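**Q** Produce the entire structure from the sequences given, and follow the hints as far as they go.
This is what each chain is made of:
2 protein chains.
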Amino acid sequence: MKNVYDSQTFFDSYQKMRKEVVNANNLIENPIIKKLMPNFSGKKILDLGCGDGNMDMFFVQNGADKVVAIDISKNMIEEAKQKNADKKIDYMVLEMEKIGSIQEKFDFVYSSLAFHYIQDFNKLLFDINKLLNPSGILLFSQESPLLTAIVFYDEKQQKTIELNGKTYYLLSDYENETKRENVWNDNIVTKYHRTYSTIVNNLIQNGFEIELFQDSYADEKAIKLKEKYKYEKDRPMFLFVKARKKKDLFDNNSAKLPKGQSQT
Amino acid sequence: MKNVYDSQTFFDSYQKMRKEVVNANNLIENPIIKKLMPNFSGKKILDLGCGDGNMDMFFVQNGADKVVAIDISKNMIEEAKQKNADKKIDYMVLEMEKIGSIQEKFDFVYSSLAFHYIQDFNKLLFDINKLLNPSGILLFSQESPLLTAIVFYDEKQQKTIELNGKTYYLLSDYENETKRENVWNDNIVTKYHRTYSTIVNNLIQNGFEIELFQDSYADEKAIKLKEKYKYEKDRPMFLFVKARKKKDLFDNNSAKLPKGQSQT
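As you go down the protein sequences, you meet chains A and B in turn. The numbering used here applies: residue 7 is where the first sequence begins, and numbers increase by one. The numbering used here applies: residue 7 is where the second sequence begins, and numbers increase by one.
These aren't lab readings, by the way, just hints derived from the structure by calculation. One or more of the hints may lead you astray.
Identical copies go unnamed one by one, so any copy, or any two together, can satisfy a pair.
Unchecked claim - Below, simulated DSSO-like cross-link-like pairs (lysine-lysine); rule was C-alpha separation at most 30 Å, straight line:
hint, residue 1, residue 2
1, Lys230, Lys93
2, Lys239, Lys129
3, Lys234, Lys50
4, Lys185, Lys230
5, Lys185, Lys227
6, Lys248, Lys234
7, Lys80, Lys165
8, Lys87, Lys40
9, Lys248, Lys185
10, Lys104, Lys87
11, Lys197, Lys40
12, Lys234, Lys197
13, Lys234, Lys80
14, Lys172, Lys248
15, Lys236, Lys41
16, Lys252, Lys172
These numbers come from a predicted model, not from an experiment.
**A** Written as structure tokens, this is what we have:
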């Protein structure tokens, strides 16, 4: 996976953006994902794409027993270790494609706005199934399929249009589930578009029971601070998914057989 | 529910359209929903919004034990009784909002392109749960949330736009889950827009386990007959959902209690 967060120009711009109070992460994504949290007190958590570790500190401050937090970016993990260090948090530089190498099991796998960078979503869910304890929870946010659908042909790709005094988003290539490259802070950011239907089907295929799908919305406070967030009603920016591990895809032993029976 | 199919001008135009071989129902919707069929041999089927009964005849010709087929339109039920009569099929004029009055139980509830006419989807699924036997299957198609989202302000509401040689669909009001009125064959057709997330959540809340979400697609044959179907890749017209009854919402008796225990 290309890692744009280790490009210095990108990282600097990104840092600047994240420090602003008024951004979509702080005003829209974070309040919603916090409302969707399972009870994680006393639990072991895996954070996929942890960034600066802000949420990992939130987890331990709110009762988590242990957090393993990974990110592909060395810059991010360095910052997390400085800003959000705690003896209950293990920060690791690790690509999400390689979580199959982790030997521990977790009660709760969390990921904020990172899955749209991953090409093979099906494989990712397969790996997460392995890492979860029975009935463990997966909670993730990602960019909405309605946002990632459009293909960027150039830097100035038009995404909206005004018609009769109303703003419309342009929708195309919804069923082309391939990569999307767009320019952000002078760097090419590569994302992978997937439909709602594919997200549903991949979860089911990988042993998850869906508990909730949630599109993002902007509350009055957010719209007051940034008027354009009113367009969340027209096309939400983020999708949140909460799912429970229902089937163990890796259960090759006889643990599930009734007492007194052997596997033959 | 307003029933546009009993307006004579609408019914005549509709009849004409359905008789054309080259339409989206025949070339796109019907081939896909047939591929998603559960095994219904020897089963009891309920068809919600049966239209001219074409699929009900298909069910009995392929081994269904009994079919109850309802439609809100007297015109449609009359036509079904003439064109697709069989002793195994019971045709009834009945609004989908009133299926709670049906006393039988079914193994398979089927509905093609009718659910987008129903205002209260949650209530509909609640009623279907009651009508299904344990582990019974619900298979339905409806207009895609990507298609129903846009609000019609007038008869000539623009739905697509050409930009740099590419066709884009206009997306807005995706999170406004209210009615949509548009003009079709000189009649106002009222539909209800729901998001993918709401469809997922309502199924779960009403005791269903989702087996598959499927967006529509056009195969080469369809595109050869009508070139515009190539735009299915940009914005599919239909959504198909297959789900299994997992929980009985109406189980008030002691049927599930272990032997020897009484309900106290």
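**Q** Give a verdict on every hint.
**A** Going down the list of hints, with the structure as the test:
| no. | hint | result |
| --- | --- | --- |
| 1 | Lys230 - Lys93 | neither (39 Å within a copy, 64 Å between copies) |
| 2 | Lys239 - Lys129 | between (32 Å within a copy, 24 Å between copies) |
| 3 | Lys234 - Lys50 | neither (38 Å within a copy, 52 Å between copies) |
| 4 | Lys185 - Lys230 | between (34 Å within a copy, 28 Å between copies) |
| 5 | Lys185 - Lys227 | between (34 Å within a copy, 28 Å between copies) |
| 6 | Lys248 - Lys234 | within (27 Å within a copy, 37 Å between copies) |
| 7 | Lys80 - Lys165 | neither (32 Å within a copy, 46 Å between copies) |
| 8 | Lys87 - Lys40 | within (22 Å within a copy, 55 Å between copies) |
| 9 | Lys248 - Lys185 | both (24 Å within a copy, 28 Å between copies) |
| 10 | Lys104 - Lys87 | within (21 Å within a copy, 61 Å between copies) |
| 11 | Lys197 - Lys40 | within (24 Å within a copy, 34 Å between copies) |
| 12 | Lys234 - Lys197 | both (23 Å within a copy, 28 Å between copies) |
| 13 | Lys234 - Lys80 | neither (33 Å within a copy, 48 Å between copies) |
| 14 | Lys172 - Lys248 | neither (33 Å within a copy, 36 Å between copies) |
| 15 | Lys236 - Lys41 | within (20 Å within a copy, 41 Å between copies) |
| 16 | Lys252 - Lys172 | neither (44 Å within a copy, 43 Å between copies) |
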